[in-house]
Amino acid sequence: MARDKDIVLEVKNLYKLYGVNRNAAMELLKKGAGRSEVLKQTGVTAAVNNVSFEVERGKIFVLIGLSGSGKSTVVRCINMLQNPTAGSILFEGQDVRKLKKKELLDFRRHKVSMVFQNYGLMSHRDVLGNVAYGLEVRGVPREEREARAHEIIDMVGLSGWEKKNPSELSGGMRQRVGIARALANDPDVLLMDEPFSALDPLVRRDMQFELLTIQRKMNKTILFITHDIDEAFKLGDRIGIMRDGQLIQVGTAEEMTSNPADEYVRDFIDSADRSRVFCAKNVMETPSSLIRVSDGATKALSAMRRSGVSSSYVIDEKMVLVGILTLEDAMKAKAENTPIAQYIIQDIERVAPDALLADIMPQAARTRFPLAVVDSEGHLEGIISKAAVLSSLT
Amino acid sequence: MPNWIASFPDTIKINIATPIDNFVEYINVNWRPFFDGIKTGLLGLLNGVYAVVEFIPWWLLIAIVFALTWLLMKKPLRAVLYAVLMLLIGILGLWSYMQLTLSIVIAAVLMAIIIGFPIGVLVSTSNHANALVRPILDTMQTMPSFVYLIPAVMLLGIGNVPAIIATTIYAIPPVIRMTNHGIRHVDKEVVEAAQSFGSTRWQTLVKVQIPQAMPTIMAGLNQTIMMALSMVVTCSLIGARGLGHEVVIGINRLEIGRGFTAGLCVVILAVIIDRLTQGIYKTEAGDDHGKG
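Top to bottom, those sequences are chains A and B. Heads up, the first sequence is in our numbering, so the first residue is 2 and it goes up one at a time. Heads up, the second sequence is in our numbering, so the first residue is 5 and it goes up one at a time.
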């Protein structure tokens, strides 16, 4: 199963060292010396220390780390804005480091585009001129490139702003220009170096949402850099945590949360808003008692007494959730000697197994009963008590 | 007490004046056609510029100053002031001298741009070139401006052409420096962005770095113009005509009024040109940082 993945980008044993005595530093690093030790002995800074990862086509890979962890250097090695000291960067099997000058230009013009933290917009060009820049250096005729630029500007929601100077736009709008400029080239891979870090939180949320929309529409592969764990969990199909130039752990948000590689990763994740990582199926439990619609009131009562609950979920023959029956109502049904069906409360809160806890919080607060987790066909998969929602967040 | 402790010993003496004299004389003799070529070229440039300046009637020039001030600075009162000051030059009877001085300054500044701008660009792209050019510029800027007059006279005689050469040499450092500085200090991310889209070095330079550095380059140009104007009086010592010449006559004949009047006109010219060129680059810089 692991083999048939479509890997666009593969980074293997990447090193980037700054300093004179790089060979000696390499030796030390390969022997397993730490970054500070290497710096002390050789005066060489290991910005990137033996980093390897793969990026699957059409997926978002997020590199996360504090400032100085080497994440920006990694992303700059991929389009060779920085020349790596050792290692290989395979783009569709071709080593980017071995490209000739002309081939590297073509690689940058057609295969990868980059979005920058402080937008990197050219203040002497208007929005249109900025978005069309990549096509211009590629030699696309004016009419054609401007038509394409208009299309992309429209897509990122900036129509009408084409003739404005970037300095007239807000931060969020400037980054839209940055993203539009990168997309105009129709690259296979989008490199995004902390694109939303300079934006205020509300705008950032909008931009994250929009990026996901665009990504789904255009099916781009994205290598995304951030220092914000919430952003990483929200956007990343897979996430790599970097520290002191090394990649400590790679995995999905859930893998990392449930099985952090070390204390550092745990601390990092602890700073995250867990409600945005966990979903209903992670915290649901199996109900202690279940009643079938066909059961009589006596059977229902004894089932509830046995498990010591004051209400119980009712399902039909196919495990499809019907509703909830309270102890009180069951006793009434027994006294009147009627089927329980008419006492079942059908208007209850249901949630999907992959709903994020953050999203089901309001429902949990509203309901008197535990939340029912049901799949798309209505089958009851589990229940979530209010207490479970709250305790999972701490 | 031996004599060499009290005063510097005579025996340690290197004469560099004589070799320099010899060198200048050598090229003066052997490179004659080369310097004649330069002389003809510069004379042509000066005549061309002068023809244009002279062609503009006095009222049109005043109108241009008025309109430019209004447009660039959005200050109508200042536009009126500058127009009146220009008018004053005419009233003081120095209009034609002003035209010649203006022509010499324009010619020298054009030369400074033609030579200095490419050097500035080159220096900005190469640290080696920078290391080489920088001390030369430092020397040029600390050298008293009179020194430039000597080789200019030696090689080209006296008159307006050596004045242009001396002025160009004296005024060129800011263009080189500020072009270099401007290009080197373009926002790193903007340059990276240009590169990341596959720009060649030439494309990065022409489409991104030079346009982004334009406000700084214009500030350098403003300084160059000011320095060129400050050479006007100095250069009249080697026979340049115009306002500076009037000042020198005033000094030589102790005609204080005459010298002062011409000096006043140089000041008027300097102030107006300074403010107008500043107005140009400040509007450009304003677009960059103003509304952010």
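Calculated from the structure, these hints are not laboratory results. Worth double-checking, as some hints may not be accurate.
What the hints assert, rightly or not - Calculated lysine-lysine pairs in the BS3-like style (CA-CA distance at most 25 Å, straight line): (1) K43/B <-> K164/A; (2) K282/A <-> K319/A; (3) K13/A <-> K31/A; (4) K286/B <-> K101/A; (5) K102/A <-> K13/A; (6) K211/B <-> K165/A; (7) K164/A <-> K286/B.
Task: Hint consistency between K13/A and K31/A [alpha-carbon to alpha-carbon, up to 25 Å] - done: holds (14 Å)
TODO: Assess, step by step, whether the Cα of K282/A is no farther than 25 Å from the Cα of K319/A, and give holds or violated.
DONE: Distance of about 20 Å is within 25 Å: holds.
- [ ] Below or equal to 25 Å on CA atoms is what counts here, so check K164/A against K286/B.
- [x] holds (21 Å)
Task: 25 Å limit on alpha-carbon distance, applied to hinted pair K43/B and K164/A - done: The given pair, whose Cα atoms are some 48 Å apart, is violated under the 25 Å limit.
TODO: Compare the distance between the alpha carbons of K211/B and K165/A with 25 Å, and conclude whether the hinted pair is satisfied.
DONE: holds (18 Å)
- [ ] Compare the distance between the alpha carbons of K102/A and K13/A with 25 Å, and conclude whether the hinted pair is satisfied.
- [x] holds (22 Å)
Task: Agreement of K286/B and K101/A with the hint, judged by alpha carbon distance not exceeding 25 Å - done: violated (43 Å)
This entry does not satisfy hints 1, 4, going by the numbered hints stated previously.
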